[in-house]
Amino acid sequence: MRIAEHWVNGAVLIGIAALPLWALLIDEPFTITLVTRAVILALAAVGLNIVLGFGGLVSFGHAVFFGLGGYAMGILAYHAQTYTVLDLGFFTTEGTKSMPIIWLVAMGISAIAAFFIGLLCLRTSGVYFIMITLAFGQMFYYFAISWAQYGGEDGLSIYVRNGFPGLNTLVPIQFFGICFALLCLVLILKARLQRAPFGLALNALRQSEARVATMGLNPMRIKLLAFVLSGAITGLAGALFADLNRFVSPAMFSWQFSGELIVLIIIGGVGRLMGPVIGACVFVALEHFLGGLTDFWHVYLGLILLGIVLFGRGGLLGLLTGKEGAHV
Amino acid sequence: MSDAAPILETRHLSKSFGALKATDDVSITLQPGEIHAIIGPNGAGKSTLIQQICGALRPDTGNVVLDGRDISGLSTQARARAGLGRTFQVSQLCMEDSVLENALLGAVGAQGAAWRFWRRALETAELRATAEAALARVGLSDEAATRCANLSHGARRQLEVAMALTLRPRAFIMDEPMAGMGAAGSKRLTGLLDGLRQEAPILLVEHDMDAVFALADRISVLVYGKIIATGSAQEIRSSRAVREAYLGDAE
Numbered sequence: 001m002r003i004a005e006h007w008v009n010g011a012v013l014i015g016i017a018a019l020p021l022w023a024l025l026i027d028e029p030f031t032i033t034l035v036t037r038a039v040i041l042a043l044a045a046v047g048l049n050i051v052l053g054f055g056g057l058v059s060f061g062h063a064v065f066f067g068l069g070g071y072a073m074g075i076l077a078y079h080a081q082t083y084t085v086l087d088l089g090f091f092t093t094e095g096t097k098s099m100p101i102i103w104l105v106a107m108g109i110s111a112i113a114a115f116f117i118g119l120l121c122l123r124t125s126g127v128y129f130i131m132i133t134l135a136f137g138q139m140f141y142y143f144a145i146s147w148a149q150y151g152g153e154d155g156l157s158i159y160v161r162n163g164f165p166g167l168n169t170l171v172p173i174q175f176f177g178i179c180f181a182l183l184c185l186v187l188i189l190k191a192r193l194q195r196a197p198f199g200l201a202l203n204a205l206r207q208s209e210a211r212v213a214t215m216g217l218n219p220m221r222i223k224l225l226a227f228v229l230s231g232a233i234t235g236l237a238g239a240l241f242a243d244l245n246r247f248v249s250p251a252m253f254s255w256q257f258s259g260e261l262i263v264l265i266i267i268g269g270v271g272r273l274m275g276p277v278i279g280a281c282v283f284v285a286l287e288h289f290l291g292g293l294t295d296f297w298h299v300y301l302g303l304i305l306l307g308i309v310l311f312g313r314g315g316l317l318g319l320l321t322g323k324e325g326a327h328v
Numbered sequence: 001m002s003d004a005a006p007i008l009e010t011r012h013l014s015k016s017f018g019a020l021k022a023t024d025d026v027s028i029t030l031q032p033g034e035i036h037a038i039i040g041p042n043g044a045g046k047s048t049l050i051q052q053i054c055g056a057l058r059p060d061t062g063n064v065v066l067d068g069r070d071i072s073g074l075s076t077q078a079r080a081r082a083g084l085g086r087t088f089q090v091s092q093l094c095m096e097d098s099v100l101e102n103a104l105l106g107a108v109g110a111q112g113a114a115w116r117f118w119r120r121a122l123e124t125a126e127l128r129a130t131a132e133a134a135l136a137r138v139g140l141s142d143e144a145a146t147r148c149a150n151l152s153h154g155a156r157r158q159l160e161v162a163m164a165l166t167l168r169p170r171a172f173i174m175d176e177p178m179a180g181m182g183a184a185g186s187k188r189l190t191g192l193l194d195g196l197r198q199e200a201p202i203l204l205v206e207h208d209m210d211a212v213f214a215l216a217d218r219i220s221v222l223v224y225g226k227i228i229a230t231g232s233a234q235e236i237r238s239s240r241a242v243r244e245a246y247l248g249d250a251e
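In order, the protein sequences belong to chains A and B.
Under the numbering used here, the first sequence has 156 at position 156, and the numbering climbs by one with no breaks.
Under the numbering used here, the second sequence has 178 at position 178, and the numbering climbs by one with no breaks.
Among the hints, a few may not be true.
[Claimed, not checked] Here are the in silico distance ranges between beta carbons for each label pair:
no.: 1; chain 1: A; residue 1: TYR128; chain 2: B; residue 2: ASP25; range: 33 to 41 angstroms
no.: 2; chain 1: A; residue 1: ARG2; chain 2: B; residue 2: GLY180; range: 31 to 39 angstroms
no.: 3; chain 1: B; residue 1: ALA129; chain 2: A; residue 2: GLY312; range: 34 to 42 angstroms
no.: 4; chain 1: B; residue 1: GLY33; chain 2: A; residue 2: ARG2; range: 51 to 59 angstroms
no.: 5; chain 1: B; residue 1: VAL90; chain 2: A; residue 2: TYR128; range: 22 to 30 angstroms
no.: 6; chain 1: B; residue 1: ARG120; chain 2: A; residue 2: LEU88; range: 36 to 44 angstroms
no.: 7; chain 1: B; residue 1: ALA78; chain 2: A; residue 2: LEU21; range: 48 to 56 angstroms
no.: 8; chain 1: A; residue 1: PHE311; chain 2: B; residue 2: ARG243; range: 53 to 61 angstroms
no.: 9; chain 1: B; residue 1: GLY182; chain 2: A; residue 2: GLY302; range: 47 to 55 angstroms
no.: 10; chain 1: A; residue 1: ASP27; chain 2: B; residue 2: ALA129; range: 41 to 49 angstroms
no.: 11; chain 1: A; residue 1: GLY312; chain 2: B; residue 2: ASP25; range: 54 to 62 angstroms
no.: 12; chain 1: A; residue 1: THR92; chain 2: B; residue 2: VAL90; range: 28 to 36 angstroms
no.: 13; chain 1: A; residue 1: LEU13; chain 2: B; residue 2: ARG119; range: 46 to 54 angstroms
no.: 14; chain 1: A; residue 1: GLU94; chain 2: B; residue 2: ARG69; range: 18 to 26 angstroms
[Said to hold, decoys possible] Covered stretches of chain A (in silico footprint by chain B; criterion: 3 or more residues with CB under 8 angstroms from a CB of chain B, positions within the stretch not fixed):
no.: 15; segment: 191-201
no.: 16; segment: 209-217
Hints in this document: simulated from the structure, not taken from any laboratory.
Think of the CB as a built atom: it goes at the ideal place given N, C-alpha and C, for glycine as much as any other residue.
Please construct the entire structure, taking both the sequences and the accompanying hints into account.
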């Protein structure tokens with residue numbers, strides 16, 4: 001079975017858009033929430049795929065950015081709902097319940113964190129890179145646990161979902177629309193990026209760093225920018241995820257979540273535009289259906305992952321399109 | 001050789017790894033329009049020398065000078081931008097990508113265009129023009145769409161040269177371009193390099209003696225990290241010291 005990749009991509013996006021509409025018709029709001037969850041996880045994984053798939057940098061600490069996005073939302077909304085002042089020392093604010101502002105803050109903080117983490121981590125490669133990103137993830141995780149002001153281990157509950165001008169975000173289909181639109185926007189940007197000179201250089205970097213330097217390009221700067229973009233996108237997903245659950249907890253920083261993101265990408269197809277999206281849909285579907293049957297559904301997820309790694313190196317997208325590599 | 005100012009020069013380069021002197025006070029020049037070959041037995045320190053010239057290794061002492069400017073402190077990428085076009089002994093190409101995309105990477109580097117995020121590299125006229133001109137120069141135009149991994153060994157060597165060309169270098173540094181080539185391929189590449197010296201002089205490290213004697217205006221012989229002789233092909237062939245150290249006494 002061989003289908004052109006753009007047909008698969010189109011079908012997946014249409015499917016993701018159609019399912020919640022159908023759920024709306026038959027009045028199944030939970031299905032809408034489920035698809036929204038898949039869309040947000042997909043967004044987080046699309047971010048990770050920039051460094052993992054194209055740059056070949058296996059970051060085992062992307063939960064840092066997901067968590068920062070989540071806590072950016074949580075902290076801003078917490079101060080807004082308690083009418084307290086957020087004092088940053090040089091700047092005070094009363095918090096906000098506006099999604100666009102929260103997104104910008106989430107992306108900004110994640111980008112800044114990615115810049116400094118990247119500055120340190122990107123000097124290493126291979127196993128060391130994996131380990132040092134994991135270490136950063138754990139640092140943030142334990143910091144969040146001990147941060148009593150914002151709920152510590154218990155996390156923070158936000159009672160009312162944040163607002164978006166002109167929409168009622170508490171209506172599941174409307175919130176889904178926001179998340180889906182953001183995912184599509186990021187996918188368009190990503191599709192352009194990977195064919196643009198920057199994408200060409202990043203893609204070359206994965207294959208031969210010596211070659212890239214010999215062509216007069218600075219490998220460190222290219223990797224660092226990719227890491228920052230990647231972190232910002234995952235941070236945006238974190239803010240949306242927090243809004244979906246109206247809850248933030250240190251679990252968003254956990255290494256298990258970093259691992260899940262990697263698993264999503266491998267299931268869907270490493271280095272492919274839609275790989276993370278397909279991976280996220282499959283992951284959420286398995287979690288829902290198998291999770292309903294048994295608490296030990298991760299066993300089956302593991303078997304599927306094993307099958308894909310052994311028999312279909314290009315992930316599900318690779319199996320469908322009959323192409324192993326993303327650039328063939 | 002002419003007394004014109006050299007394009008590229010090493011001044012008293014030395015590099016040791018522990019007790020091993022890999023480069024021992026090496027001073028060589030590369031004059032405009034010439035091919036200067038470095039030959040020497042395995043382990044003589046040829047690759048170490050090239051790495052110091054191109055920036056992958058720092059010399060313990062000494063300088064690398066390009067166009068009268070000391071580039072010893074610069075990174076690999078800064079030296080490439082300053083005008084060093086390097087080819088590798090073992091091809092460093094993006095195997096998953098097409099030949100044209102590889103050449104485009106050179107064009108992106110040459111024009112400092114890596115910070116562009118929207119327009120497709122393939123559809124950017126000035127990048128494409130540079131890449132296609134370089135491919136045409138080495139005779140790879142017909143292979144532009146071929147995936148690099150499917151390219152013959154000889155064509156990969158040609159692509160290495162094309163990528164160096166996209167930089168419009170002031171000097172080429174070629175590390176065994178003939179390595180692994182058959183007789184016919186070697187001959188074709190020899191013809192290509194012969195014409196290339198007009199564009200920029202070539203510092204050529206090579207094991208293929210036929211190619212070296214056919215191409216080189218000057219030959220330097222490196223033994224145990226030291227240059228033991230520099231001269232024309234004729235002078236090198238008749239030098240006793242070189243014969244003993246390198247060519248063997250058989251003749």
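The hints, checked one at a time:
1. Look at A/TYR128 against B/ASP25: about 37 angstroms separates their beta carbons, and that is inside 33 to 41 angstroms.
2. Hint check: A/ARG2 to B/GLY180, Cβ distance near 35 angstroms, so the stated range 31 to 39 angstroms holds.
3. For B/ALA129 paired with A/GLY312, a C-beta distance near 40 angstroms keeps the hint of 34 to 42 angstroms intact.
4. As the Cβ distance of B/GLY33 to A/ARG2 is approximately 54 angstroms, the hint placing it in 51 to 59 angstroms holds.
5. Judged by the Cβ atoms, the range 22 to 30 angstroms given for B/VAL90 and A/TYR128 holds: they are separated by roughly 24 angstroms.
6. Between B/ARG120 and A/LEU88 the Cβ separation comes to about 42 angstroms, which falls inside the hinted range of 36 to 44 angstroms.
7. Distance hint check: the CB atoms of B/ALA78 and A/LEU21 are about 55 angstroms apart, consistent with the given range 48 to 56 angstroms.
8. The supplied range of 53 to 61 angstroms is met by A/PHE311 and B/ARG243, whose beta-carbon atoms lie about 59 angstroms from each other.
9. Taking 47 to 55 angstroms as the suggested C-beta distance range, the pair B/GLY182 and A/GLY302 conforms, at roughly 49 angstroms.
10. In this structure, A/ASP27 and B/ALA129 break the distance hint of 41 to 49 angstroms, their C-beta atoms being roughly 59 angstroms apart.
11. Between A/GLY312 and B/ASP25 the C-beta distance comes to about 57 angstroms, which sits within the given range of 54 to 62 angstroms.
12. A beta carbon spacing of about 59 angstroms between A/THR92 and B/VAL90 contradicts the range 28 to 36 angstroms that was offered as a hint.
13. A hinted range of 46 to 54 angstroms is violated for the C-beta pair A/LEU13 and B/ARG119, which are about 24 angstroms apart.
14. Between A/GLU94 and B/ARG69 the CB atoms are about 57 angstroms apart, so this pair departs from the stated range of 18 to 26 angstroms.
15. Beta-carbon proximity to chain B at under 8 angstroms applies to 9 residues in the segment 191-201 of chain A; the threshold of 3 is reached and the given coverage holds.
16. Three residues within the 8 angstroms Cβ limit are the bar, and the segment 209-217 of chain A against chain B gives 8, so the coverage statement holds.
Hint compliance for this structure: hints 10, 12, 13, 14 are broken, all remaining hints hold.
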